[in-house]
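Chains as they are written, first to last, in numbering that gives the first Met the number 0: chain P, 0 to 197; chain L, 0 to 197; chain F, 0 to 197; chain X, 0 to 197.
Be aware that a few hints might be false.
No copy labels: a pair is met if it fits in one copy or bridges any two.
Listed next, the in silico EDC-like pairs over lysine to aspartate or glutamate satisfying Cα-Cα at most 20 Å (straight line) [as the list claims (entries may be wrong)]:
{"#": "1", "residue 1": "Lys197", "residue 2": "Glu187"}
{"#": "2", "residue 1": "Lys197", "residue 2": "Glu158"}
{"#": "3", "residue 1": "Lys50", "residue 2": "Glu70"}
{"#": "4", "residue 1": "Lys35", "residue 2": "Glu47"}
By construction, these hints were calculated from the structure, which means they are not laboratory data.
There are 4 protein chains.
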Amino acid sequence: MQSQTIQKLIDLFSKFPTIGPKTAARFVYYLIGLKKEEVQEITGTIAELKKNIKTCAYCFKPFEATGHLCEICGNPGRDKSMLCVVEKEPDLNSIEKTKKYRGRYFILGGTISRLRKTEIEKLRIKDLVLRVKRGQDTKEIILAINPTAEGESTTLYLERLLKPFGKKITRLGRGLPIGGELEYADEETLTSALEGRK
Amino acid sequence: MQSQTIQKLIDLFSKFPTIGPKTAARFVYYLIGLKKEEVQEITGTIAELKKNIKTCAYCFKPFEATGHLCEICGNPGRDKSMLCVVEKEPDLNSIEKTKKYRGRYFILGGTISRLRKTEIEKLRIKDLVLRVKRGQDTKEIILAINPTAEGESTTLYLERLLKPFGKKITRLGRGLPIGGELEYADEETLTSALEGRK
Amino acid sequence: MQSQTIQKLIDLFSKFPTIGPKTAARFVYYLIGLKKEEVQEITGTIAELKKNIKTCAYCFKPFEATGHLCEICGNPGRDKSMLCVVEKEPDLNSIEKTKKYRGRYFILGGTISRLRKTEIEKLRIKDLVLRVKRGQDTKEIILAINPTAEGESTTLYLERLLKPFGKKITRLGRGLPIGGELEYADEETLTSALEGRK
Amino acid sequence: MQSQTIQKLIDLFSKFPTIGPKTAARFVYYLIGLKKEEVQEITGTIAELKKNIKTCAYCFKPFEATGHLCEICGNPGRDKSMLCVVEKEPDLNSIEKTKKYRGRYFILGGTISRLRKTEIEKLRIKDLVLRVKRGQDTKEIILAINPTAEGESTTLYLERLLKPFGKKITRLGRGLPIGGELEYADEETLTSALEGRK
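Okay, chain P solo, but in the shape it has when bound (with noise of 0.2 Å):
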């Protein structure tokens, strides 16, 4: 019989993003071998995260700061004109990583798999048609969709969604990754990839 507090434990992990009950009861017996500090810096850096993580009013990153812009949308160096439209955070930050892009970006919150109404209302759809609607400065939106099945649905529905507001609409190049074989490669990637030679 496993003791009550390490079982509610290893559930809790278990719906932690990939974890199964096996890495949940790993995490617990790595818990329980940590010196007493150690778990109370883990749990007060969690209870911090709550208290000092804020949304951004305009993009919905998380930030940790005054105001209720994040680092980025507060930044009156980046560039207005464009919006980028991303997934999720970790999209985001693949993106500033590259230092290629100094316009905003609006997290989406996920995809649409199938277009169901529950679904699409559960995506910041309308914040973002209001981001559209009001953004007087924005002249393209870059749509930023994972091409997956799923991502290139999410695309399609925003492409005919936004169209309306006469902005320039793209989505990100297509072709070979580093690393990426002809041979293995299909049919859609190699002729984006012959179309973008250069």
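Given the structure of chain P, go ahead and fit chains L, F and X onto it with the hints provided.
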């Protein structure tokens, strides 16, 4: 630029077993997405874990109860003539699940990869020797250590160490596991399977 | 447009076990790159295989020699009191490699996935029954079938079928294989490992 | 003891690309199980391959027809102003499948892992230079080499080598492939995807 609290928590989660920075980041975004009370449940349970969980004075199993013996060692119904030495608690749990073992356990705390003195001292080998020395009821010691390279050298080391106490010392039976295939079995496993046929 | 001969050979190689069209194509390009004599060595050896290889009249092992018994069945030094039933030749080879078995074999030719009459008839079950019936020297029949789901039902079926002949019928011992881990072992394997400790 | 012919054939199949001795053995048992005519079809087709397949005098593609040019190079409808350099034939086939390229090809025969003279000489680089020198119709050379580390240094090497001939030299476009994810994309791929947006 990542928020400071987010980065700190990513660093802390990256130390969890099997977790790299990418998954650690997903944990943080998962926590950000949770309700305040849900996060409090997690931090509360972790804090409770550290407060409630004691280590059994006999077998070193973490447990949650009054007294200083875990629910197995403190159970008068368990067979004191048998002592099963395991590497870590999940191994003990696996054996308990079979419901075929009614003796007591001893959790070694690891295996010896190379027979270095410092490594040996980190394990609870002195405590094990003490249990065996004083355990007049103990008749059989099962060395239920994983049959991996490290586990084998640990088993060998323990066999030599415990031999002088005159108890019966056994190892788990080798053979084909459920789902195993003769074609891919190593010779030692197959030899054991042949010898142990019935 | 692929050459006709290339396409035909890709199709033929795609029927080889575990091979898909991509690897089949790599085989063809590999052959194209070989010297004429190297290719002739391959086709020659395949042709020889068909010419030289006979199937043992007792155990159904493919072999290459005069007579109608393979090198095991024809070896007077092998122990005729033991008969080891395996699914396929690689399993027989695995057991031979252990050098711990000196009896004879019988290659069943597969396992029964569902107990369908047509499937059972494809196996050499009638031949096996004949061997057992006439095998007055045979004292023990080892059913060395893989402990997979299909293998188990085949073993069960054979046990029932061969029971009336009054021989000792055994199975390979279960347990932890070399490299196995208690934490991830199933309960049945672990129970066998506990019961088979020594 | 394995039969000699079986062992020889296992050794020959073990030299096939991606094949180890276990799979090679499965190939042999597969062939043993085939009917005589089925085996003859395989050996016959392999023999035909060696007899029928020629290497195109222009692009080095293996082909099966009269004349000394393959069905692409011999096709007057193909655009002679474009020359696409690929590493190996499967890459050429991938590009053909897109139906977006109407020019000619040149199969290099590999990539240069380190810029060693002996390695460079094994490739058909001299032939390529000759094609470019004499190819007065050629206006663009597409270096369709895999964007792997080895492929990149080969591309770089070819760019420098072919520059003096005054043709337009291009590479395949980089970007996210179908099914790719921003979160796991490298910075260079993502930069290309951003720059190539449309």
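For each hint, the structure was consulted:
1. Taking the closest pair of Cα atoms, Lys197 and Glu187 come within 20 Å of each other both inside a single copy (18 Å) and across two copies (15 Å).
2. For the identical chains of this complex, Lys197 and Glu158 are inter-copy neighbours only, at 13 Å across copies versus 27 Å inside a copy, given an alpha-carbon limit of 20 Å.
3. Taking identical chains as interchangeable, the C-alpha atoms of Lys50 and Glu70 lie at most 20 Å apart only when both belong to the same chain, with a minimum of 18 Å there against 39 Å between chains.
4. Both within a single protomer and between protomers do Lys35 and Glu47 lie at most 20 Å apart by alpha-carbon distance, with minima of 18 Å and 11 Å respectively.
Checked against the numbered hints given earlier, this structure breaks none of them.
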